[in-house]
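2 protein chains.
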Amino acid sequence: MSLLVVGTVAFDSIETPFGKTDKIIGGAATYISLAASYFTKKINLVSVVGDDFPVGAIEMMHLHHVDTEGLQIKRGEKSFFWSGKYHIDMNSRDTLATELNVLAAFDPIVPESYKDCDFLMLGNLTPSVQMQVIAQLPKRPKLVVLDTMNFWMDTAWNGLMEVLKKVDVLAVNDEEARQLSKEYSLVKAAQKILKMGPKYLIIKKGEHGALLFNSEQVFFAPALPLEDVFDPTGAGDSFAGGFTGYLASTKDISFENMKRAIIFGSAMASFCVEKFGTERLTGLKKQEVEERVQEFIDLVQFEIDLG
Amino acid sequence: MSLLVVGTVAFDSIETPFGKTDKIIGGAATYISLAASYFTKKINLVSVVGDDFPVGAIEMMHLHHVDTEGLQIKRGEKSFFWSGKYHIDMNSRDTLATELNVLAAFDPIVPESYKDCDFLMLGNLTPSVQMQVIAQLPKRPKLVVLDTMNFWMDTAWNGLMEVLKKVDVLAVNDEEARQLSKEYSLVKAAQKILKMGPKYLIIKKGEHGALLFNSEQVFFAPALPLEDVFDPTGAGDSFAGGFTGYLASTKDISFENMKRAIIFGSAMASFCVEKFGTERLTGLKKQEVEERVQEFIDLVQFEIDLG
Chain A
0 MSLLVVGTVA FDSIETPFGK TDKIIGGAAT YISLAASYFT KKINLVSVVG DDFPVGAIEM
60 MHLHHVDTEG LQIKRGEKSF FWSGKYHIDM NSRDTLATEL NVLAAFDPIV PESYKDCDFL
120 MLGNLTPSVQ MQVIAQLPKR PKLVVLDTMN FWMDTAWNGL MEVLKKVDVL AVNDEEARQL
180 SKEYSLVKAA QKILKMGPKY LIIKKGEHGA LLFNSEQVFF APALPLEDVF DPTGAGDSFA
240 GGFTGYLAST KDISFENMKR AIIFGSAMAS FCVEKFGTER LTGLKKQEVE ERVQEFIDLV
300 QFEIDLG
Chain B
0 MSLLVVGTVA FDSIETPFGK TDKIIGGAAT YISLAASYFT KKINLVSVVG DDFPVGAIEM
60 MHLHHVDTEG LQIKRGEKSF FWSGKYHIDM NSRDTLATEL NVLAAFDPIV PESYKDCDFL
120 MLGNLTPSVQ MQVIAQLPKR PKLVVLDTMN FWMDTAWNGL MEVLKKVDVL AVNDEEARQL
180 SKEYSLVKAA QKILKMGPKY LIIKKGEHGA LLFNSEQVFF APALPLEDVF DPTGAGDSFA
240 GGFTGYLAST KDISFENMKR AIIFGSAMAS FCVEKFGTER LTGLKKQEVE ERVQEFIDLV
300 QFEIDLG
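Listed in order, the protein sequences are those of chains A and B.
Residues 0 to 306 in numbering that gives the first Met the number 0 are what the first sequence lists, from first letter to last.
Residues 0 to 306 in numbering that gives the first Met the number 0 are what the second sequence lists, from first letter to last.
Honestly, the hints are just simulated from the structure, not real lab data.
Careful: at least some of the hints might be erroneous.
Given that identical chains are not distinguished, each listed pair holds provided it fits within a single copy or across any two copies.
Using 25 Å as the maximum straight-line C-alpha spacing, the simulated DMTMM-like pairs for lysine to aspartate or glutamate come out as follows [what the hints assert, rightly or not]:
id, residue 1, residue 2
1, K138, D88
2, K181, E206
3, K258, E302
4, K73, E174
5, K204, E273
6, K181, E273
7, K84, E14
8, K40, E302
9, K187, E14
10, K40, E76
11, K191, D88
12, K285, E206
13, K191, D93
Keep in mind it's a predicted model, so treat the numbers as computed, not measured.
Could you put the whole structure together from the sequences, leaning on the hints where they help?
Structure, rendered in structure tokens:
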């Protein structure tokens, strides 16, 4: 089952209490693809970069079974650049610079060979760009997962409402869920958001884990308590990548299997934050992923016999 | 197995976004005892009130199998009074009034008939008062659980360090764990705190659940996602009461059983916040408690076969 990933491929410059980086490889689609690559080998990427983007990073993606036919390379233009600084609690950050560059006029083109995709992961982008991708697919994928952010709620509300009608799973963080629903209680927020289109809602709470809702059920997955969160950049995208990659590999979109997918997604996010940027997501071994998932099992497993 | 509960019995006046109360019955030992009463019927209370305390509240405790021989009633004095106002997020609150009254000179006296206690739950109080209780017990209880707060870290550090050496389980919230350890990471905080005396550490994270640490293991229990948190007052104490009550009823202080105890404690906390004060903790049915625990099981249960 092929997974189509759409989102940014970019340069990031990150400062955390543990240090700072020069320009490193980032972008939602990069994290999503790398995380998904530990589960499925048919990953197709639609994104855009400038000709300043290093060919080594593209080769790294190929090593992770990511097809880059859909990665547009714009001559004479610069890649999207984001720079941010995290505070000590790692939950808040200041954006120091956002240079859209090639992203400003991004016209996503889905190559013919990608069009029969079974799973579609739309990373955080302008809702109208996300919609353009859906519109290019001749048959509806088995599952469409969408990430978005508060910025689009502020600036592209109508477009966001349109694309939400087309997706199966929405993944947002707790603040975004509150803004989208205008409800403080996440349970009430979920009920409202599930009426906007998505059949499933994932609320990411960072170090506090993640919730999965459908109209009748709720599942909670913890984040792994870590000694240090070194760099949270890309954690949410790594989560989404692990989630969709696992679903694509198992071809099972039941609620029970989504629970497992959330655990695998959480495992990938827990790796992501251990080093700067994508460093920890490259070259993981299967055994490391399994051991990490076992840690999640051990963390929450208990037995109560209610008789 | 008898459970000795030491802590405040008090009047509270509470304002939340959902409404406000007149003076209602509160206090750590009240919540602890009520929550524990759903698991064990041998609860002995050491506390102090003034003669303004309503006899009906004492009768309510008797109905919950709470022995009040150790509840001192000070003639001509007033009960401890706390008043607070919660903000919309329910995680932060302003204290509007704290009138120590009888608590100012509280000299805890453990009645003879309480002295062979197997389980001791020391609710949040001056560390020296907590120490006085321990000193009165001729044999060490099977398990000593202690709650404290940042105020004692600021004002009674040495006393707190002394009493921590005497306890098995420390229960604090995440901010308190950070202040006590001077570590931001809760994993590092736990490592440091476990060197101060306690063999087990519970870090309560409110709506984000609770962590249980010993030197080698960690367990995480979620909070139940609720439509509304009506009044968080007493949630931490209800948690502690459910936790110690369950342990006392099962006589098993293994890590595996503590996991179960944490789930039962979390269930009691989830009831507590549904109404003002102790209202929801009085008159619960066994079946309601079991159904609530089943909700916790359903919330986190998943099956992954790593082969």
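Hints and how they fare:
For the homomeric pair K138 and D88, neither the shortest alpha-carbon distance inside one copy (44 Å) nor that between copies (44 Å) is at most 25 Å. In this assembly of identical chains, the alpha carbons of K181 and E206 lie at most 25 Å apart whether taken from the same copy (23 Å) or from different copies (19 Å). For the homomeric pair K258 and E302, the shortest alpha-carbon distances inside one copy (18 Å) and between copies (8 Å) are both at most 25 Å. Proximity of K73 and E174 under a CA criterion of 25 Å is satisfied in neither setting, with 35 Å inside one chain copy and 49 Å between copies.
Taking the closest pair of Cα atoms, K204 and E273 come within 25 Å of each other both inside a single copy (17 Å) and across two copies (23 Å). For the identical chains of this complex, K181 and E273 are inter-copy neighbours only, at 21 Å across copies versus 34 Å inside a copy, given an alpha-carbon limit of 25 Å. Taking identical chains as interchangeable, the C-alpha atoms of K84 and E14 lie at most 25 Å apart only when both belong to the same chain, with a minimum of 5 Å there against 37 Å between chains. In this assembly of identical chains, the alpha carbons of K40 and E302 lie at most 25 Å apart only when taken from different copies (24 Å versus 36 Å within one copy).
Taking CA atoms no more than 25 Å apart as the test, K187 paired with E14 passes between copies only; the shortest distance there is 22 Å, against 36 Å inside one copy. Within a single copy, K40 and E76 get their C-alpha atoms no closer than 31 Å, and across copies no closer than 75 Å, so neither meets the 25 Å cut-off. For the identical chains of this complex, K191 and D88 are inter-copy neighbours only, at 19 Å across copies versus 30 Å inside a copy, given an alpha-carbon limit of 25 Å. In this assembly of identical chains, K285 and E206 lie within 25 Å of each other by CA distance solely inside one copy; the values are 24 Å within and 34 Å between copies.
Within a single copy, K191 and D93 get their C-alpha atoms no closer than 30 Å, and across copies no closer than 31 Å, so neither meets the 25 Å cut-off.
This entry does not satisfy hints 1, 4, 10, 13, going by the numbered hints stated previously.
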